[in-house]
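From first to last, the protein sequence lines are chains A and B.
Quick note: the first sequence, position 43, residue 99 per my numbering, numbers continuous.
Quick note: the second sequence, position 218, residue 517 per my numbering, numbers continuous.
Derived from the structure by calculation, the hints contain no laboratory data.
Every residue, glycine too, gets a C-beta built ideally from N, C-alpha and C.
Keep in mind that the hints are not guaranteed to be accurate.
Among the chain A residues that face chain B by a calculated CB cut under 10 Å, a handful are [claimed, not checked]:
1. V88
2. H89
3. A90
4. L93
5. L101
6. A102
7. Y120
8. A122
9. R178
10. V184
11. S186
12. T188
13. E207
14. R224
In silico DSS-like pairs for lysine-lysine, Cα to Cα no more than 30 Å straight-line [stated by the list, open to error]:
15. K63(A) x K359(B)
16. K510(B) x K458(B)
17. K59(A) x K510(B)
18. K112(A) x K59(A)
19. K112(A) x K306(B)
20. K63(A) x K112(A)
Chain A residues, not near chain B, derived (Cβ > 10 Å throughout) [stated by the list, open to error]:
21. R94
22. T133
23. S147
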Amino acid sequence: MTKPDDKELVRQVAGGDENAFLMLYDRYAAQVHALTLRILSDPMLAEEATQDTFLKLWSRARLYLAERGPVPVWLLTIARRTALDRLRLESRRPTLSTADDPDDLWRVIPDSKTTGEESRWRALYMAVQSLTPDHRQVIELAYYQGLSQSEIAETLGWPLGTVKTRMRAAMEQLRRVWGQP
Amino acid sequence: MQNDEHKIFEENIPAYSLGTLDAEETSALEIHLPTCASCRNELAACRQISDGLLMAAPPKAPPAALRQRLQRRLPSAQKTNRPPRNWSFDRLALGFAIIVLLALNLFSLSQMQSFRRQQAQLTHELQTSQTALAMLAYPGTQSLPISAANISGALLLDKDRSVAVLIIWDLPQLPDNRTYQAWLVDPQGNRTSAAMFDPDPDLPFTSVTIKSPNELSAFTSLGVTVEPAGGSRQPSGSRVFRIDF
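Chain A on its own, in the form it takes in the complex (with noise of 0.2 Å):
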């Protein structure tokens, strides 16, 4: 018997099917709890953002819209939203969103060709890691603080041209190693 694929899962989630629900939380919890423990660094905090990132995958399935890419890249951008949200919220900054709407979500992800295996994630993890201190600080506090290139160069004392320059030599290099063209 084969398993049903994510997007028929998220549909029958929509119609309330608590086991769907359920099929997708035991296929995607550890990464979505990773990613919110590695923006949130607490414990605590992360597994309340995990918490919350369920609830609105239980809340909102019926918005996913399955042309505009696969769900797990679909549910992690709710959870760093949710993150980051928490992140603003424990440091009084102001919140990235405030509405959530999907569309908005969606603006900052890829799009539906960027499928994933665990492997190719993987490589890329080591390829970040890789990076020289400077790139990869830049990198972190980008997508897991979600400063904006500003708040970075005021952050590390940098000025704003040095954080624009390093930041795009960083993506160049993980596009070099992770075999992108």
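Following the hints, complete the assembly by docking chain B onto the known chain A.
Here is chain B on its own, set in the frame of chain A:
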């Protein structure tokens, strides 16, 4: 000049794909993107990186209690997710149940009123029969026979006690829109309504208690006419019989 602008936009694409570009530059780039295929291709390539970064953290399972906690919270979360048709079905079922209950209540009420009418009628008939029996046993009671074709019976009259009961045998049934009405007639010929009645189809005789606003001694006779259902203020129909006191 255009190349310089393009270069600025292109340099901002990595930050844009990571969602970290400042607001003003983001707005400018989003205006530029639809007009520049090169920048769109660059963005697609960068987005593969940002996509991958979502997945790049090594998986780490949350505490097992979280799964159970989520399960407990699902029913309340489901309220906002439930398809509207469930509400419609619930409402329809509730509406149907209310209609059925109302119909049953109305039917029960109608039945109860019918039973009460029957009970009142039976009580009245019983009282009339008991009065008639008591009068037959009373020495001062007059028994005035009815003189009419195909109808027999008598008026039991006690003027002293102002009590009278009319017993009629073989009184024909009337249509639904007609009723029998008894009239007391005084010496001046004035008629006073004394009773309205219909024969009981299950009994061969009809007994009627005559009610008088005054002493029965003030009247000289009793007549019975056929009147419209509900009775008349004065006799208007054909006379069935008359008994002189």
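### Query
Are there hints from earlier that the structure breaks, and if so, what are their numbers?
Violated hints (numbers, rising): 5, 7, 8, 11, 12, 17, 19, 21, 22; every other hint is consistent with the structure.
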